[in-house]
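Order-wise, the sequence lines are chains U and Z. Just so we're aligned, residue 1 is where the first sequence starts under my numbering, counting upward by one. Just so we're aligned, residue 1 is where the second sequence starts under my numbering, counting upward by one.
Think of the hints as simulated: they come from the structure by calculation, not from any bench. No residue lacks a Cβ here, since even glycine has one placed at the ideal position from N, Cα and C. Worth double-checking, as some hints may not be accurate.
[Claimed, not checked] Ranges between beta-carbon positions, derived for each pair: (1) Z:77 - U:313: 22 to 32 Å; (2) U:314 - Z:54: 34 to 44 Å; (3) U:90 - Z:62: 52 to 62 Å; (4) Z:11 - U:69: 20 to 30 Å.
[What the hints assert, rightly or not] Here are the simulated EDC-like pairs of lysine to aspartate or glutamate, each with C-alpha atoms no more than 20 Å apart in a straight line: (5) Z:68 - Z:91; (6) U:379 - U:327; (7) U:317 - Z:104; (8) U:317 - Z:103; (9) Z:19 - U:56; (10) U:380 - Z:54; (11) U:379 - Z:54; (12) Z:19 - Z:91; (13) U:379 - Z:67; (14) U:401 - Z:104; (15) U:379 - Z:103; (16) Z:15 - Z:91; (17) Z:15 - Z:32; (18) U:270 - U:87; (19) U:270 - U:249; (20) Z:68 - Z:54; (21) U:379 - Z:104.
[Said to hold, decoys possible] So the derived list for chain Z, only partly shown, Cβ under 7 Å to chain U, looks like this: (22) 30; (23) 38; (24) 39; (25) 40; (26) 69; (27) 80.
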Amino acid sequence: MEGNVVIVGASHAAAQAVDSLRREGFSGRLVLVGDEPELPYQRPPLSKKYLAGEFDPARLWIRPASFYEQQRCEVRLGRRAVAIDRERQSLALDDGSVLPYDALLLATGGRVRPATVPGAQLAGIHYLRTRADVDGIRADLAPGRRAVIVGAGYIGLECAASCAKLGLSVTVLEMAPRVMSRVVAPEMSAFYQAEHASHGVDLRLNTTVAAFEGGPRVSGVVCSDGSRFPADLVIVGIGIVPNVELAAEAGIACDNGIAVDEFCRTSDPKVYAIGDCCSHPSPHYRRRIRLESVDNAFEQAKTAAANICGREVRHDKIPWFWSDQYDHKLQIVGLSQDYDRVVLRGDPATRSFSCCYLKGRELVALDAVNQPRDFMVAKKVIAERVPLDLGRLGDPAVSLKEAGLPA
Amino acid sequence: MADLIVVDRDGVEHKVEGKVGVSVMETLRELDWGVAAICGGMCSCATCHIYVDDAWLGKLPAPQPDEKELLQELSGYQPNSRLSCQVQLEESVSGLRVSIAPDE
Ligand SMILES: Cc1cc2nc3c(=O)[nH]c(=O)nc-3n(C[C@H](O)[C@H](O)[C@H](O)COP(=O)(O)OP(=O)(O)OC[C@H]3O[C@@H](n4cnc5c(N)ncnc54)[C@H](O)[C@@H]3O)c2cc1C
Ligand code: FES
Numbered sequence: 001m002e003g004n005v006v007i008v009g010a011s012h013a014a015a016q017a018v019d020s021l022r023r024e025g026f027s028g029r030l031v032l033v034g035d036e037p038e039l040p041y042q043r044p045p046l047s048k049k050y051l052a053g054e055f056d057p058a059r060l061w062i063r064p065a066s067f068y069e070q071q072r073c074e075v076r077l078g079r080r081a082v083a084i085d086r087e088r089q090s091l092a093l094d095d096g097s098v099l100p101y102d103a104l105l106l107a108t109g110g111r112v113r114p115a116t117v118p119g120a121q122l123a124g125i126h127y128l129r130t131r132a133d134v135d136g137i138r139a140d141l142a143p144g145r146r147a148v149i150v151g152a153g154y155i156g157l158e159c160a161a162s163c164a165k166l167g168l169s170v171t172v173l174e175m176a177p178r179v180m181s182r183v184v185a186p187e188m189s190a191f192y193q194a195e196h197a198s199h200g201v202d203l204r205l206n207t208t209v210a211a212f213e214g215g216p217r218v219s220g221v222v223c224s225d226g227s228r229f230p231a232d233l234v235i236v237g238i239g240i241v242p243n244v245e246l247a248a249e250a251g252i253a254c255d256n257g258i259a260v261d262e263f264c265r266t267s268d269p270k271v272y273a274i275g276d277c278c279s280h281p282s283p284h285y286r287r288r289i290r291l292e293s294v295d296n297a298f299e300q301a302k303t304a305a306a307n308i309c310g311r312e313v314r315h316d317k318i319p320w321f322w323s324d325q326y327d328h329k330l331q332i333v334g335l336s337q338d339y340d341r342v343v344l345r346g347d348p349a350t351r352s353f354s355c356c357y358l359k360g361r362e363l364v365a366l367d368a369v370n371q372p373r374d375f376m377v378a379k380k381v382i383a384e385r386v387p388l389d390l391g392r393l394g395d396p397a398v399s400l401k402e403a404g405l406p407a
Numbered sequence: 001m002a003d004l005i006v007v008d009r010d011g012v013e014h015k016v017e018g019k020v021g022v023s024v025m026e027t028l029r030e031l032d033w034g035v036a037a038i039c040g041g042m043c044s045c046a047t048c049h050i051y052v053d054d055a056w057l058g059k060l061p062a063p064q065p066d067e068k069e070l071l072q073e074l075s076g077y078q079p080n081s082r083l084s085c086q087v088q089l090e091e092s093v094s095g096l097r098v099s100i101a102p103d104e
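Next comes chain U alone, as it looks inside the complex (with noise of 0.2 Å):
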């Protein structure tokens, strides 16, 4: 295919979508437009070994930029993009100029949600999404300082184990009576519990956030129970908002997210959405999902650009995601949200174990706690519905493959 192709975004998704737009023979203009300064970098090791000055930088690049010169990708950074006009099929740029594309492709991503409570914009209050992000929070930490998280999803509590690590104090304020509770069970909100207080982590459940005091820097956070604790620096992780604006504003139906079909593709056939700015149908869990991980960019990325280039692929893939803390790896396979019952394998306290969740007899998610052979497994089991025993399947010594019930 020739013609002229544009991404938004230069991130996970749209570094995958440089790659695959050559390798499915695109041989036309290229062009990638970021707003960020950088080349796409990886997010993940930023709350993880990066926070906590394990990750050597040079090698949070995705692609070094001699990628981009090889592939002929035109490189935009630090530019916005404002305006799809879709009838001349153009986009227009911050710095006016204006690009005219065959296929646009938006993998905008998301950005973080902001604490909205009074004192929400002093000095030391930090989020994290990028890495000039983490390079602000790592300028305020030394052992010793009090850090104030507030919310205990994934990015949160790897931030409170980095912190924990570095010699902080560490406190972590949640508003739901239990970690990561939009995402796992209880059983495994217990195991993470029990794990960051054994490290010396203050965690504070049902606890809402009322306001931050101090000034010009913060230096206590308030909650709405009247309780206080002092801070040398916070870091909120309440989650992000898709950027669905650009893509709304051209009239490009959204819906929790650019709304996508199978194929990638918005309501315009000429524009492109992938990665965390999306909502896809899920063909396996039948419902529209929008998913925040690498994989799902990666995968989406590869579908988009096979569409682009007239090679008709579906996007359906089982999500998987991986989270580290302390020397925990936690690997999550499948959608926890529709289960009826919860099947352990393995004792927690042995931090080896597996966490099942089932709809009847079928696998739906899994999450693997030091356990990397089942959660291999766990993929193909929850991609070919295999009927689980259940007795077999909460024995640990039976393999997860030979939990099947005979056929």
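Starting from the known structure of chain U, fit chain Z with the ligands onto it as the hints suggest.
Same frame as chain U, now just chain Z with the ligands:
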């Protein structure tokens, strides 16, 4: 730098300069032979699968249990399978010969 011989998925052999002191994955990913390495080297994804030439296998430190578990469940698993993010390239193994395993 140390020499690295890479056999790509089409069976074509390339001799490249590999970065020493980091994993083989870092070199493979930069050179763009379809090594996805989605987790960025955390031994969490098994998308950086390679086969190590038998003559070199014994010269590398043996895989850790978690790497082995991930490998053994790949459909392309062979006794000489490794995750390239878990194999450090050092001067002492200059000339290391690896093949990129099929995408799964
Ligand atoms: C700290 C942290 C840890 C994480 N850990 C994991 C993990 O362990 N495992 C995992 O699978 N996932 C993890 N994730 C999630 C993962 O990083 C995201 O799913 C992934 O980055 C999504 O990629 P994306 O390309 O869709 O969007 P993003 O990475 O959000 O990138 C979108 C880019 O587009 C830019 N942009 C937006 N609008 C415009 C515009 N109009 N013009 C120009 N540029 C624009 C944005 O500034 C941004 O640079 C983590 C994320 C964070 C922040
Ligand atoms: S890069 Fe993920 S396991 Fe090697």
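Right, here's what the structure says about each hint:
1. Taking 22 to 32 Å as the suggested C-beta distance range, the pair residue 77 of chain Z and residue 313 of chain U conforms, at roughly 26 Å.
2. At roughly 39 Å, the beta-carbon separation of residue 314 of chain U and residue 54 of chain Z lies within the given 34 to 44 Å, and the hint holds.
3. Against the hinted window of 52 to 62 Å, the Cβ-Cβ separation of residue 90 of chain U and residue 62 of chain Z comes to about 57 Å, which satisfies the hint.
4. In this structure, residue 11 of chain Z and residue 69 of chain U meet the distance hint of 20 to 30 Å, their C-beta atoms being roughly 27 Å apart.
5. Taking the CA atoms of residue 68 of chain Z and residue 91 of chain Z, the gap is about 25 Å. The hint is violated against a cut of 20 Å.
6. As the CA atoms of residue 379 of chain U and residue 327 of chain U are separated by approximately 23 Å, the hinted pair breaks the 20 Å bound.
7. Using a Cα cut-off of 20 Å, the hinted pair residue 317 of chain U and residue 104 of chain Z holds, with the two alpha carbons roughly 12 Å apart.
8. Among the hinted pairs, residue 317 of chain U with residue 103 of chain Z is consistent with the structure: their alpha-carbon atoms are about 15 Å apart, no more than 20 Å.
9. With a C-alpha separation of about 14 Å, the suggested pair residue 19 of chain Z and residue 56 of chain U falls inside the 20 Å cut-off, and the hint holds.
10. Note on residue 380 of chain U and residue 54 of chain Z: the hinted pairing is violated, with a Cα-Cα distance of about 30 Å set against a maximum of 20 Å.
11. The straight-line distance between the Cα atoms of residue 379 of chain U and residue 54 of chain Z is roughly 30 Å, outside the 20 Å bound, and the hint therefore fails.
12. For the suggested pair residue 19 of chain Z and residue 91 of chain Z, the alpha carbons sit about 10 Å apart, so the restraint of at most 20 Å is met.
13. Among the hinted pairs, residue 379 of chain U with residue 67 of chain Z is consistent with the structure: their alpha-carbon atoms are about 17 Å apart, no more than 20 Å.
14. With a C-alpha separation of about 18 Å, the suggested pair residue 401 of chain U and residue 104 of chain Z falls inside the 20 Å cut-off, and the hint holds.
15. Among the hinted pairs, residue 379 of chain U with residue 103 of chain Z is consistent with the structure: their alpha-carbon atoms are about 15 Å apart, no more than 20 Å.
16. Straight-line distance between C-alpha atoms of residue 15 of chain Z and residue 91 of chain Z comes to about 15 Å, which keeps the hinted pair within the 20 Å bound.
17. This hinted pair checks out: residue 15 of chain Z and residue 32 of chain Z have alpha carbons roughly 14 Å apart, not beyond 20 Å.
18. Taken as a hint, the residue 270 of chain U and residue 87 of chain U pair is honoured in the structure, with Cα atoms around 11 Å apart against an allowance of 20 Å.
19. Straight-line distance between C-alpha atoms of residue 270 of chain U and residue 249 of chain U comes to about 16 Å, which keeps the hinted pair within the 20 Å bound.
20. Among the hinted pairs, residue 68 of chain Z with residue 54 of chain Z is consistent with the structure: their alpha-carbon atoms are about 17 Å apart, no more than 20 Å.
21. Taken as a hint, the residue 379 of chain U and residue 104 of chain Z pair is honoured in the structure, with Cα atoms around 12 Å apart against an allowance of 20 Å.
22. Taking 7 Å as the C-beta contact cut-off toward chain U, the hint placing residue 30 of chain Z at the interface holds, the least distance being around 5 Å.
23. Taking 7 Å as the C-beta cut-off, the interface hint given for residue 38 of chain Z holds, the closest approach to chain U being about 5 Å.
24. Checking residue 39 of chain Z against chain U by beta carbon gives a least distance of about 6 Å; that is within 7 Å, so the hint holds.
25. The beta carbon of residue 40 of chain Z comes within 5 Å of a beta carbon in chain U, closer than 7 Å, and the hint placing it at the interface holds.
26. With a cut of 7 Å, the hint placing residue 69 of chain Z at the interface with chain U holds, because the nearest CB-to-CB distance is about 4 Å.
27. Using the Cβ-Cβ criterion of 7 Å, the hint placing residue 80 of chain Z at the interface with chain U is not satisfied: the shortest such distance is roughly 19 Å.
When the structure is compared with the earlier hints, violations turn up for hints 5, 6, 10, 11 and 27 and for no others.
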